[in-house]
Amino acid sequence: MSELHFPWIEISILVPLLGTVWIQLLGDRENILRHAIAICSLTLVLTIGELIDFVSIGSFEAHDHWLLLDWLFHRDVFVVDELSAFQLPLVALIFLVTVMSTLRTKAPRFSLKLTLISECLMLATFSCRSSWMLIALLIASTVPPYLELRKRKRCTRIYVLHMAISAALLPVGYGWLSAVDQTSSAILIPGALLTVAALIRSGIFPFHLWMTDLFEKATFGTAILFSTPLVGAYAVMRLVLPIAPSWALQSIAVLSLVTAVYAGSMALIQREARRMFCFLFLSQSALVLAGLELVTPIGLTGALCLWLSVGLSLTGFGITLRCIEARISRVALADYHGLYRQMPMLAGFFLLTGLAAIGFPATVGFVGMELLIEGAVDVYPFVGTMVVIAAALCGITVLSAYFRIFTGHPTRTVVPMHARPAERIAVLMLTLLILGGGLVPQPGVASRYHAAKELTRLRQSYPGNADGNVAAEKGAGTNGTGLVSRRR
Amino acid sequence: MNPLEVLFQFLGTTVLASPAVLLAVLGLSSLINRPLSESTIARLTQGAVLCSLLPAIVILAIMLGTGIRHVPIELGNWVMLPEEQFHFHLKFVFDRLSIPFLMLSCVLCGVVGAFTRRYLHREEGYGRFFLYYAMFFCGMVLSSLASTIEALFVGWEMVGLSSALLVAYFHDRTNPVRNGQRVWSIYRLSDAAFLIAAITMHHLTGRGDFGGLMSSGIWPEGTAAITSSQALMVGSLLLVAAAGKSALFPFSGWLPRAMEGPTPSSAIFYGALSVHLGAFLLLRLSPIIEASLTLRLMVITLGIVSAVCGGIMSRVQNDVKVSLAYASLTQVGIIVVEIGLGMKYLALIHIMGHASLRTMQLLRAPTLLRDYSDLENKIGTRLPRDSWVGASFLPPRAQRWCYRFGFERGFMDIALDKWVVQPFVRFFRWCDAVERRATDALSNEASRESDQAELHPEDFKSAA
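Residue numbers (our numbering), protein chains in the order written: chain A, 1 to 488; chain B, 1 to 464.
In case anyone wonders, no lab produced these hints; they're calculated from the structure.
Take the hints with a grain of salt, since some may be wrong.
[What the hints assert, rightly or not] One-sided and incomplete, this derived list gives chain A residues near chain B with beta-carbon spacing under 10 Å:
#1 ILE158
#2 LEU268
#3 ILE269
#4 GLN270
#5 ARG274
#6 VAL331
#7 PRO344
#8 ALA376
#9 GLY395
#10 LEU399
#11 PHE406
#12 ALA419
#13 LEU428
#14 ALA446
[As the list claims (entries may be wrong)] A few chain A residues that don't get close to chain B, going by computed Cβ distances all over 12 Å:
#15 GLY58
#16 SER131
#17 ALA186
[Unchecked claim] SDA-like, lysine to any residue: derived pairs with alpha carbons at most 20 Å apart:
#18 B:LYS344 <-> B:PRO100
#19 A:LYS151 <-> B:ALA446
#20 A:LYS153 <-> A:PRO108
#21 A:LYS453 <-> B:GLN85
#22 A:LYS453 <-> B:PRO82
#23 A:LYS151 <-> A:ALA140
#24 A:LYS453 <-> B:GLU83
#25 A:LYS153 <-> B:ALA446
#26 A:LYS153 <-> A:SER111
#27 A:LYS153 <-> B:GLU449
#28 A:LYS153 <-> B:ASN444
#29 A:LYS153 <-> B:GLU445
#30 A:LYS153 <-> B:ASP440
#31 A:LYS153 <-> B:GLN452
#32 A:LYS151 <-> B:GLU445
#33 A:LYS106 <-> B:GLU449
#34 A:LYS106 <-> A:ILE32
#35 A:LYS151 <-> B:GLU449
#36 A:LYS106 <-> A:LEU26
#37 A:LYS453 <-> B:MET80
Source: prediction; values computed, not measured.
Beta carbons are placed, not taken as given, at the ideal position from N, Cα and C, and that holds for glycine.
Please take these sequences and the hints and turn them into a complete structure.
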């Protein structure tokens with residue numbers, strides 16, 4: 001296995017952890033938010049360094065230089081590969097922009113210590129290849145939101161119920177899987193257990209109630225940070241995808257598409273912005289999951305591209321809503337709030353991120369959506385139609401939310417409504433990535449395609465996946481009929 | 001590549017790049033909150049329109065001089081996965097359909113740009129108008145010249161978004177905004193139909209460019225590379241897409257609502273260009289229509305129904321812009337009939353003539369009313385108004401029904417609301433209620449803090 005030139009992975013995971021200690025030592029000082037921003041920025045720089053180093057090596061996977069954990073545990077715990085290399089800076093960026101867009105007045109409610117611990121756990125999760133360790137991290141990452149709910153004296157039943165089931169199914173399923181013959185049909189039950197665990201974590205219908213409940217009860221920032229990196233999709237990719245038979249994956253893909261259409265429709269009728277965002281997110285993340293489960297190189301490439309797009313655009317969409325909510329409290333969508341005049345920049349950004357999320361041309365989501373549709377139709381044409389319908393519903397929702405929040409008769413306010421410098425920087429960073437990724441998509445797509453091929457290869461090399469090979473070949477084959485942009 | 005091809009490539013790229021640059025400049029200044037002055041915006045717009053129009057004229061002159069009838073402009077692959085034979089090909093074409101439509105777009109955009117410079121002078125949303133205008137212009141140029149379904153779709157989406165935002169231009173009032181939302185919803189449905197049609201076509205033919213879809217010849221001489229039943233399936237979806245975009249029956253309800261936007265945008269978008277985009281799509285893919293007799297009959301029927309509805313509705317409106325909008329619908333319906341009958345050149349000429357006339361009428365409408373008012377004041381009486389002679393042949397009951405049908409705008413919005421929107425909303429509200437009960441039961445308490453958000457719902461009953 002190749003080696004990075006610097007221990008990027010472990011240091012990037014350690015920095016937020018040490019940052020938590022540092023913030024604990026600082027106590028309740030006024031500039032604590034600035035320190036948190038600095039720690040998140042450093043983490044982002046380290047993950048970008050890791051990505052650049054990894055790309056320069058040109059290998060499928062690489063581990064750290066001077067392995068500290070290797071020395072302690074005598075095994076490679078953290079490894080970066082093509083599937084996670086882009087996800088790590090994305091996670092760090094999501095945390096940075098969310099912390100940057102936190103108003104100082106809201107900082108006491110939004111626990112920066114728990115946020116940094118969450119970042120550490122997320123980065124560790126996305127860097128982890130060992131399945132048992134991954135399961136442990138997936139379970140551990142559910143703790144910070146729980147602590148916040150407890151701290152806010154909110155009911156935790158729904159969250160705990162779902163997460164406990166998911167947390168119980170993961171080790172049971174994987175333990176069972178390790179104990180049975182992987183070429184026999186006996187893997188179906190542990191495979192199903194792992195699948196259900198991952199679906200619960202991803203909020204796939206009908207296991208999505210915890211997600212809406214979390215958005216209701218946790219701080220908006222925590223809800224965004226817990227959901228937008230798509231940890232559930234990562235669990236599916238690492239734990240379920242290699243072992244599940246094709247028919248099972250296609251069934252899950254159909255379930256994901258039902259979720260996409262259902263959540264898109266539900267988003268349209270919501271009367272409050274957070275719930276609307278939650279359903280919009282569920283719809284788009286379900287599309288990512290649907291793409292992952294298609295297991296064709298094109299579909300997987302689309303899903304991986306869409307993953308980045310959802311991470312960037314819906315984080316942007318979410319932090320804009322959060323900025324507005326921080327100023328006017330919960331945003332009702334039965335009203336026209338007329339905020340355009342007071343915050344034109346945030347209005348533009350809201351529209352841009354919303355359109356990027358639905359795959360509007362020249363934004364980062366466009367090519368991902370096209371590839372996803374292409375991959376979906378290769379498996380079953382009806383699936384492609386469902387993707388289009390889900391995207392159409394989400395598109396109507398986005399513009400409707402824009403009109404409700406930013407248009408209508410403006411009302412005078414006593415608090416300043418314009419974007420603060422930190423918010424502007426966060427917004428501009430995301431804007432550059434959304435437009436840059438949309439206008440020059442080839443490097444990202446090529447890299448994601450390479451990762452998708454490797455994922456397909458890993459799946460094919462799994463002993464019990466003879467039928468999976470056939471499906472993958474069908475999707476990858478030169479004889480497959482094309483859709484959006486395939487030519488012979 | 002010979003010198004002529006290099007010249008074509010250069011001129012064609014200029015035509016395409018010019019609106020994109022305008023959009024980038026206006027968009028960037030808006031995004032970083034550094035507004036440009038009115039005169040700068042106007043000059044940039046004029047420059048962009050001229051930089052699209054003049055090279056197009058040169059291309060046309062060379063084509064006429066040399067007898068070349070088809071000039072493809074290849075800008076390479078935007079995205080490419082060679083192993084999967086996946087290419088997002090940026091290919092555009094100057095042919096007998098795209099050149100007239102492109103020139104029409106440039107001329108009308110130029111006229112309206114010049115008109116708007118004074119019409120919206122010192123308006124707060126001046127920059128916003130020209131940003132949406134640039135997006136529309138860019139979308140029109142891309143749609144006109146597109147040689148692949150994907151490129152056409154990109155332009156189509158840009159036109160849709162800019163149209164919806166411009167309808168909601170006067171966004172301090174809720175009615176224009178609500179109408180903008182209505183336009184966008186119809187457009188999204190038509191976009192979905194278009195995309196599904198494109199997917200199906202690719203699935204059937206494995207090709208994305210129009211040359212591939214039409215197995216032989218260039219427009220208008222191509223023959224569809226699919227069977228009659230396949231053409232019916234794809235064509236039906238395209239018909240839905242075109243009906244949504246061109247406000248044909250039963251989607252006509254958005255057209256009068258679109259008149260809430262500023263007069264220049266109403267003139268150019270909904271009176272002239274945008275409303276013809278559906279007809280343009282049918283023209284571009286006319287070989288598919290010709291492949292199926294059933295589809296042709298569907299196209300002709302849709303055109304006739306839309307024209308008749310538009311004719312009835314335009315006669316009883318009490319607003320000049322709305323009346324003109326429905327008059328446009330009548331003409332678009334007739335254009336669709338012409339396409340269904342295979343009279344492609346006539347349809348193209350009809351589009352150009354009608355778009356120019358309607359732009360002039362809509363731009364002139366506000367001052368015309370003032371002139372009429374002045375004239376009536378001077379002569380001290382109302383000007384005589386001729387009623388339609390044909391109406392007298394109808395029985396009074398039918399006359400009343402026609403009046404009611406026209407006045408209520410064909411009951412189309414009411415029908416869509418009653419049969420599509422309300423069942424949808426009712427079903428998902430029920431789902432929402434089920435979710436609420438489930439989360440309440442699991443939490444053993446009221447689980448929705450969002451209920452505490454202060455709601456001040458507007459009175460929807462009084463909405464137009």
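>> Are any of the numbered hints broken by this structure? If so, which, sorted upward?
In response: No numbers; nothing is violated.
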